[in-house]
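S.K.: The chain contents come next:
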Amino acid sequence: MKPDRQVGIVGYGAYVPRYRLPAVEVSRVWTGGQGGVPIEEKSVPGLDEDTATIAIEAARNALRRGLVDAQDLRAVWVGSESHPYAVKPTGTIVAEAIGATPAVSAGDWQFACKAGTEALQAAIGLVGSGMADYAMAIGADTAQGRPGDALEYTTAAGGAAYIVGPRERSLAYLEGSYSFVTDTPDFFRRPYRHYPEHGGRFTGEPAYFKHITHSVQALLEELRLEPADFAAAVFHQPNVKFPQRVAQMLGFNKEQIKTGLLAGQVGNTYAAAAMLGLTAVLDVARPGDRILLASFGSGAGSDAFSLVVTEAITERQALAPFTRAYVARRKQIDYGVYVRYRHKLEMH
Amino acid sequence: MNVARYWRTEKTRYGLVGETCRVCGKPIFPPRDLCPHCTEAGQDLRTFGGRGEVYSFAHVTDAPAGYTEYQPYTVALIKLEEGPLLTAQLTDVDQSDVRIGMPVEMVTRKLKEEGENGMVVYGYKFRPVMHE
Amino acid sequence: MREVSIIGIGQTDVGEHWERSLRDLAVDAMIAAIKDSHAERVDALYVGNMLSGELTAQEHLGTLLADWGGLGGTEAYKVEAADASGAAAVRLGYLAVASGVHDFVIACGVEKTTDADAETSNASWTYGTDAEYEGNQGVTVPSMAGLLMRRYMHEFEVTHDRFAPFSVIAHANGVNNPHAMYRSPISAESYARAGMIADPISMFDGAPLCDGAAAVLLCPAELARRFCARPVRIRASAAATDRLAVHSRNDPLFLQAAQLSAQRAYLQAGVAPSDVELFELHDAFSILAALSLEACGFAERGKATALAGEGAFDLHGRTPICTMGGLKARGHPIGASGVYQVVEVTQQLRGEAGANQIEAHLGMTQSLGGTGATAITHILEG
Numbered sequence: 001m002k003p004d005r006q007v008g009i010v011g012y013g014a015y016v017p018r019y020r021l022p023a024v025e026v027s028r029v030w031t032g033g034q035g036g037v038p039i040e041e042k043s044v045p046g047l048d049e050d051t052a053t054i055a056i057e058a059a060r061n062a063l064r065r066g067l068v069d070a071q072d073l074r075a076v077w078v079g080s081e082s083h084p085y086a087v088k089p090t091g092t093i094v095a096e097a098i099g100a101t102p103a104v105s106a107g108d109w110q111f112a113c114k115a116g117t118e119a120l121q122a123a124i125g126l127v128g129s130g131m132a133d134y135a136m137a138i139g140a141d142t143a144q145g146r147p148g149d150a151l152e153y154t155t156a157a158g159g160a161a162y163i164v165g166p167r168e169r170s171l172a173y174l175e176g177s178y179s180f181v182t183d184t185p186d187f188f189r190r191p192y193r194h195y196p197e198h199g200g201r202f203t204g205e206p207a208y209f210k211h212i213t214h215s216v217q218a219l220l221e222e223l224r225l226e227p228a229d230f231a232a233a234v235f236h237q238p239n240v241k242f243p244q245r246v247a248q249m250l251g252f253n254k255e256q257i258k259t260g261l262l263a264g265q266v267g268n269t270y271a272a273a274a275m276l277g278l279t280a281v282l283d284v285a286r287p288g289d290r291i292l293l294a295s296f297g298s299g300a301g302s303d304a305f306s307l308v309v310t311e312a313i314t315e316r317q318a319l320a321p322f323t324r325a326y327v328a329r330r331k332q333i334d335y336g337v338y339v340r341y342r343h344k345l346e347m348h
Numbered sequence: 001m002n003v004a005r006y007w008r009t010e011k012t013r014y015g016l017v018g019e020t021c022r023v024c025g026k027p028i029f030p031p032r033d034l035c036p037h038c039t040e041a042g043q044d045l046r047t048f049g050g051r052g053e054v055y056s057f058a059h060v061t062d063a064p065a066g067y068t069e070y071q072p073y074t075v076a077l078i079k080l081e082e083g084p085l086l087t088a089q090l091t092d093v094d095q096s097d098v099r100i101g102m103p104v105e106m107v108t109r110k111l112k113e114e115g116e117n118g119m120v121v122y123g124y125k126f127r128p129v130m131h132e
Numbered sequence: 001m002r003e004v005s006i007i008g009i010g011q012t013d014v015g016e017h018w019e020r021s022l023r024d025l026a027v028d029a030m031i032a033a034i035k036d037s038h039a040e041r042v043d044a045l046y047v048g049n050m051l052s053g054e055l056t057a058q059e060h061l062g063t064l065l066a067d068w069g070g071l072g073g074t075e076a077y078k079v080e081a082a083d084a085s086g087a088a089a090v091r092l093g094y095l096a097v098a099s100g101v102h103d104f105v106i107a108c109g110v111e112k113t114t115d116a117d118a119e120t121s122n123a124s125w126t127y128g129t130d131a132e133y134e135g136n137q138g139v140t141v142p143s144m145a146g147l148l149m150r151r152y153m154h155e156f157e158v159t160h161d162r163f164a165p166f167s168v169i170a171h172a173n174g175v176n177n178p179h180a181m182y183r184s185p186i187s188a189e190s191y192a193r194a195g196m197i198a199d200p201i202s203m204f205d206g207a208p209l210c211d212g213a214a215a216v217l218l219c220p221a222e223l224a225r226r227f228c229a230r231p232v233r234i235r236a237s238a239a240a241t242d243r244l245a246v247h248s249r250n251d252p253l254f255l256q257a258a259q260l261s262a263q264r265a266y267l268q269a270g271v272a273p274s275d276v277e278l279f280e281l282h283d284a285f286s287i288l289a290a291l292s293l294e295a296c297g298f299a300e301r302g303k304a305t306a307l308a309g310e311g312a313f314d315l316h317g318r319t320p321i322c323t324m325g326g327l328k329a330r331g332h333p334i335g336a337s338g339v340y341q342v343v344e345v346t347q348q349l350r351g352e353a354g355a356n357q358i359e360a361h362l363g364m365t366q367s368l369g370g371t372g373a374t375a376i377t378h379i380l381e382g
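Chains as they are written, first to last, in my numbering: chain C, 1 to 348; chain U, 1 to 132; chain P, 1 to 382.
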């Protein structure tokens with residue numbers, strides 16, 4: 001897919017909370033320390049953080065790098081599976097906090113881990129159609145896994161925000177995008193339920209791998225590109241192994257996915273996961289670099305994007321904290337503090 | 001529901017929106033109808049940059065109703081770069097690391113929830129500066 | 001303006017009154033003051049109280065207490081100025097008598113904090129701060145004092161242990177006050193070991209919230225001797241305010257309202273700090289004792305703890321403070337404390353202070369609202 005008007009990423013920003021829970025803490029409590037762990041550690045939001053506050057900081061970082069006046073944004077869209085309100089948009093909170101109200105569209109997107117890239121596709125459409133000059137798409141989450149469940153090792157918190165704007169003002173312009181979607185119930189959460197259900201190994205082949213490989217292959221065909229044409233590739237990262245394997249299946253090498261693979265250090269930040277991988281790549285990208293972004297959302301689908309970095313990026317990268325600075329800012333906590341911070345204690 | 005009184009001051013809480021006095025030119029935070037310096041009416045809105053330093057601090061271990069789930073936390077007087085002093089919590093910092101004079105920056109965080117069914121109140125807090 | 005005298009005093013024990021309600025306590029103190037004075041009528045009742053509505057769902061307090069205190073028909077109101085509510089009631093009583101409008105007025109301070117749980121009373125006490133710009137941030141009253149104390153320690157290079165004398169003096173004097181909540185002495189060592197409640201504010205820096213009521217009966221000085229053998233004259237009554245929020249003050253470490261109200265009182269009485277023979281100050285926190293002393297001219301800025309360490313404020317020191325235990329040991333029933341201070345100075349000037357009796361003819365009280373945003377000063381002569 002390509003918009004009529006050429007667009008690109010004008011600004012981007014990351015956020016990762018300060019607290020880290022080592023995966024061995026989960027296995028210490030639930031498996032007596034037996035068995036392997038899917039990541040080293042995951043980020044945990046502080047008691048005063050939620051998807052809105054995470055989105056706000058990522059959005060402010062995007063505005064700093066974009067040198068865009070918040071009043072010029074025509075959309076502030078937040079994709080998440082952990083919106084603070086069931087009814088009432090996170091988007092309005094973020095838009096108000098960054099000073100984008102009131103001449104702006106704001107709302108929330110929901111599509112498991114690809115809610116953020118779904119918003120990004122829509123922002124590309126909004127700017128690409130000429131309806132708006134700037135639109136912001138955010139992926140942010142404070143994901144929860146049931147205590148003792150396999151998901152608990154990885155469910156993390158983080159956010160990434162992108163300002164889509166005209167190509168001539170971009171740090172990375174869009175070559176094209178593709179979305180691939182089927183009704184595949186690999187993971188879901190019913191209303192009023194605190195923790196999601198997942199299909200175990202069903203989340204792999206028929207879900208994650210099928211959807212990402214289809215979206216990426218279709219995009220590459222459309223753009224007549226090969227994996228070797230890309231300086232970097234970022235895939236949705238529920239753990240470390242899945243993105244490594246899907247990269248291999250598609251013909252990308254380890255070097256290409258290294259910079260954008262953060263799951264080992266921050267866990268699965270859900271709607272932020274692939275988008276946060278991309279902020280890490282953009283932080284060190286050089287003009288001319290071609291970057292692939294491929295998300296995955298349960299339910300299920302994948303959005304793929306091909307971006308080419310412009311000359312403008314060099315002087316903008318340092319205008320906001322680097323993704324790696326957030327990753328390096330860490331305070332380790334134990335399972336007890338984690339249980340408190342994630343409201344898993346029933347206070348009867 | 002207790003919403004209007006939080007909604008009314010949202011811009012100030014979310015984005016450190018204060019004022020500059022049109023008469024004496026001094027920065028004002030929080031905003032008020034009469035300038036606290038010259039008592040004249042007439043202010044222009046301005047957004048404060050969010051940088052400052054810790055002027056004083058105290059660690060709260062016996063939080064009042066509504067804040068108990070967040071304790072222990074640190075409240076501080078913050079001296080903004082532009083001059084005004086304000087009261088805010090520090091966040092993302094170990095209590096033992098807090099010092100008078102420590103450079104801090106504004107972040108927007110959850111101040112409290114009005115119970116399980118009530119609204120979430122967001123506002124400014126400060127943390128050690130991450131980015132120069 | 002007429003001269004005004006105190007002809008009757010009353011007070012309940014300060015503490016946890018599980019079996020006595022807000023109205024019971026207030027009526028006890030009012031009746032005690034009336035009996036003490038032998039007055040035959042009361043023209044007006046001013047009730048100092050901060051939190052009756054919040055903690056016991058009771059407002060319209062003046063009328064309730066006039067009714068239950070057997071003063072049906074009497075003009076009656078509640079007056080609120082946070083922790084200084086009781087002192088405000090005394091001042092209103094003073095103004096009513098001095099103006100010639102009323103001859104016999106009761107000023108009663110009462111607070112009942114134990115009918116609510118600790119988190120609620122803690123939260124309600126905070127309502128005396130700026131709700132939108134201090135209260136919303138999750139501050140507590142102890143933490144507001146903590147902000148002042150930390151900055152004071154920093155600016156004047158004073159360590160925490162130097163504040164010990166204020167609590168040690170209060171507890172030493174509380175031992176001999178039968179109405180005090182705490183009647184056990186503490187040492188500088190136990191002060192140093194006390195747990196923190198709002199670091200740097202420790203358990204021993206802060207006065208306890210509790211229940212209590214105190215009352216004074218005022219009348220024109222020219223009538224006083226008919227009702228009382230040793231009337232105590234109110235030589236000065238003065239109130240002042242500062243910016244409510246600490247962050248809005250020009251210098252948070254200088255209690256401008258305390259200074260202003262003290263200066264006005266000195267001027268009215270025609271006295272200087274050196275003439276004051278005892279000072280019941282607002283030691284809700286040790287830092288406030290220090291700041292009050294400095295603002296009122298009893299110590300240079302930054303020097304109050306040093307003077308305290310030298311014994312200047314001991315019971316038999318240069319200017320005795322907290323002679324019946326102060327807020328720290330007698331207890332701090334919020335809106336009642338300002339009246340307790342006046343009752344205690346009256347006891348001293350009448351020679352009824354028991355084992356804590358000092359030789360004094362001129363005493364001063366100062367009650368602070370919150371962290372000094374309101375200050376009400378009275379100078380009494382026996």
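Keep in mind that a hint or two might mislead.
Stated by the list, open to error - From chain C, some residues computed to sit far from chain U (all C-beta separations above 12 Å): (1) Arg5; (2) Pro84; (3) Thr101; (4) Ala231; (5) Glu255; (6) Ala318; (7) His343.
Unchecked claim - Just so you have them, the derived chain U footprint on chain C, three or more residues with Cβ under 8 Å: (8) 42-50; (9) 157-163; (10) 194-204.
Quick caveat, the hints were computed from the structure, so don't treat them as lab data. No experiment lies behind these values; they were computed from the predicted model shown. Heads up, the beta-carbon is just placed ideally off N, CA and C, and yes, glycines get one too.
S.K.: Please go over all the hints and tell whether each is borne out by the structure.
M.R.: Cross-check of the supplied hints:
1. Arg5: holds, 31 Å
2. Pro84: violated, 5 Å
3. Thr101: Incorrect as stated: the minimum Cβ-Cβ distance to chain U is 9 Å, not above 12 Å.
4. Ala231: Non-interface label stands for Ala231(C): nearest chain U Cβ at 26 Å, farther than 12 Å.
5. Glu255: holds, 29 Å
6. Ala318: With a cut-off of 12 Å, Ala318(C) comes too close to chain U, as the shortest Cβ separation is near 9 Å.
7. His343: Incorrect as stated: the minimum Cβ-Cβ distance to chain U is 9 Å, not above 12 Å.
8. 42-50: holds (count 5)
9. 157-163: Check failed, 0 qualifying residues.
10. 194-204: violated (count 0)
In terms of the numbered hints stated before, the structure departs from hints 2, 3, 6, 7, 9, 10, listed from lowest to highest.
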